[in-house]
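J.: This is what each chain is made of:
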Amino acid sequence: MSLPQRRTDIGPPKYDQFLPPVIKKNYGQWKYHERLSPGSMVHVAESGDKIWTVRVASPRLLSTDTIREFCDIADKYCDGYLRFTSRNNVEFLVSDESKLAPLQNELKERGMLMGGIGPHVSNVIHTQGWVHCHSACTDASGLVKCLMDELAEYFTTKELPNKVRLAVACCVNMCGAVHCSDIAIVALHTKVPVIDHDKVKNMCEIPTTVASCPTSAISPDPAKKSIKIKEEKCMYCGNCFTVCPPIEIHNPEGDGVAIVVGGKIGSLRSDPKFSKIAYPFFYNDPPRWPKVVAAVKNILEVYAANAKKHERVGEWIDRIGWERFFKLANIPFTFQHIDDFTFARETFRTSAAFKW
Amino acid sequence: MPKKYETPLLDELEKGPYPSFVKEIKKAAAKNDMAADELGQLEKSYRTKRGYWKHGGIVGVLGYGGGVIGRYSSLPDEFPNVAHFHTVRINQPSGWFYTTAALREMCDIWDKYGSGLTNMHGSTGDMILLGTRTENLEAVFAEFSSRGWDLGGSGSAMRTPSCCVGPARCEWTNINTLDICYEMTQEFQDELHRPAYPYKFKIKVAGCAVDCVAAIARADCSIIGTWRGPILIDQDEVKNYAKKGMNIKAEIVDMCPGQCISYDGNELKIDNSECKRCMHCISKMTKALKPSGERGATILIGSKAPIVVGSLLSWVIVPFIKCEPPYDELKQLIRKMIEWWDDNAKPRERIGELIEAKGMRSFLEHIGVDPQAAQVKFPRKDPFIFFKDEDFEKVYKK
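Residue numbers (my numbering), protein chains in the order written: chain A, 28 to 383; chain B, 2 to 399.
Hints in this document: simulated from the structure, not taken from any laboratory.
Owing to the predicted nature of the structure, the values given are computational and were not obtained by experimental measurement.
One or more hints might be untrue.
As the list claims (entries may be wrong) - When the alpha-carbon atoms are kept at most 27 Å apart in a straight line, the in silico DSSO-like pairs for lysine-lysine are as follows:
| # | chain 1 | residue 1 | chain 2 | residue 2 |
| --- | --- | --- | --- | --- |
| 1 | B | Lys399 | B | Lys378 |
| 2 | B | Lys240 | A | Lys335 |
| 3 | B | Lys113 | A | Lys41 |
| 4 | A | Lys58 | B | Lys270 |
| 5 | A | Lys324 | A | Lys190 |
| 6 | B | Lys323 | A | Lys58 |
| 7 | B | Lys244 | A | Lys52 |
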């Protein structure tokens, strides 16, 4: 069977061929938008033209069957146009207002969840996990599913003080960059890796492996033609495993997740912020991770009950102080909360003014 | 018929209101051997609490060094159909807009050559095709590229740029994010497909400081749209917001980080010289407030995830740059930044880490950008200061 002629270095198709006519016509000429419901909004152009958007949740991991289902819906109501958001939601783009309500009805009948626009929990940014990644120490898709089953109302209906961005990373490589999310889960190891010296000898470059360690815990072991690890310096980041797979970092009985809070991306009101550790560790507990889900829900509910309108989680915590946050959220403060890595000294309190 | 696995643990994740990834895998597994074994292996991971994937090995398509991530099961005897299960990254169109015709074509190809499973989309922005065998890679590439699609980036290379929805459907954007993203992707095709950098380099383009693509946290080069000019006010619309129940003092005036908004119960005033352009007031009163004047972008550099020495947010390097086609100034600036990094970095060192190691001065001098107060949160604290002879000739004259 012959294949079509391959082409190289052509880049992606140009975006304009995928834009609905009303967008092409009003490109760069949008005047304002209004949120009509947690799952829909209308954008109005200077010309008076309008486009309606209906947003639905997606697990991100999609079968071709489901993509075709989205296509069937978009063919019926959206003249064959749809898009995905930066948080992996699906957006149906409606140019004809009379098709809006029928579209929403059909989405409802099909059991799809509309929501995520405005002061809500939107879809969860996440990584591959056990589904497809070599360095995963949890399953990202599973955690997201458990979390959002519990928080689905915050996607579809329940309002929060501001939007809350959740993320899950299945190891500290953080392909999902959870480090600036309102509430995020990051999986981590807690045990020093086990070295298979015979394989290191054959598979790994010693200087690269030594250099890969951020805490200088690794040094050469010339006798074994391998490396050795100073255990008290190892923070279990797994970077050595990435460059040298025989340094086995996975440990099913030791791997688990931490929960970080208070990050944000936008510059609105306050500068973008990193997320910080709220819960340092929970053991992996598939398939439903009940303690992890309860802990995230706890933070979300304490935030919802205490923050001012428009405050993000991190802004609320900055206003009340971390010492107050730990008390309100009833989270025990431990050695694991006090930083001892690269930027530690900037995190120690340098004022006698704080809250009891 | 693909093999059917008992999956009591994963079956739990078919329950509940949120869309289920297990249902997705099962849909594909009903007709595809690879997807079936993916399901079986994942159930085992849930039982034993560990993953069974190996990465590495050189796999790809002829003439490219990236775009395919080699992935192999570490249990090939138990799950032979995922013995190879490589990821193919397809470079997404700017803003993730699609026609159904294009998506259906993609699905047909992927059902024929792959697992029928995808990620829409991966963290960097690509369309991710999840799982195929080495011998299918050339066919997948021929089918896609002949229809106008290309692979995305992987490895130590330019990664697939991505952008927010921008002028396609947002009133806040200051720049043509979709076009900049497209043009940068085209400009760096060679660097994207043939890894030759010290490590990865990501570009993300956001139209304003709301930053819906997380450019400031997830891109080595963050391009964030902004403006130089006053915020225009429609006082009638301000009144409408008040009428509809907005507490303008609490929600707008008191939350302004520049403290430059006043409201007397009737008229809203902004002292534009003190405005930081944070987007709070504009985003909450989008009918009443909009930027005006010159449009362009702030270029920030360096953000990354924690590996190796801690996560970084991007730092302001160029406070304002015009972004008009053909974007020559922007392209040259990015090329100069990469040149300095490529010349100086150790393997697996990101540009932000290199700036920290070598000092901001070295970087700014190479790219020809002057020191400016907008680049720092605050100036140097301790009086340990490097001087060069030229500084006394140019700045600190006798």
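J.: With reference to the structure, classify each hint as holding or not holding.
T.: Tested hints:
1. This hinted pair does not check out: Lys399(B) and Lys378(B) have alpha carbons roughly 30 Å apart, beyond 27 Å.
2. Taking the CA atoms of Lys240(B) and Lys335(A), the gap is near 23 Å; set against the 27 Å cutoff, the hint holds.
3. Taking the CA atoms of Lys113(B) and Lys41(A), the gap is near 25 Å; set against the 27 Å cutoff, the hint holds.
4. Restraint check: the Cα-Cα separation between Lys58(A) and Lys270(B) comes to about 21 Å, which is no more than 27 Å; the hinted pair holds.
5. A hinted pair counts as satisfied when its Cα atoms are at most 27 Å apart, and Lys324(A) with Lys190(A) qualifies at roughly 15 Å.
6. The suggested pairing of Lys323(B) with Lys58(A) holds, with an alpha-carbon distance near 22 Å, which does not exceed 27 Å.
7. Between Lys244(B) and Lys52(A) the CA atoms are separated by roughly 33 Å; this puts the pair beyond 27 Å, and the hint is violated.
In the structure shown, a violation is registered for the earlier hints numbered 1 and 7, in ascending order.
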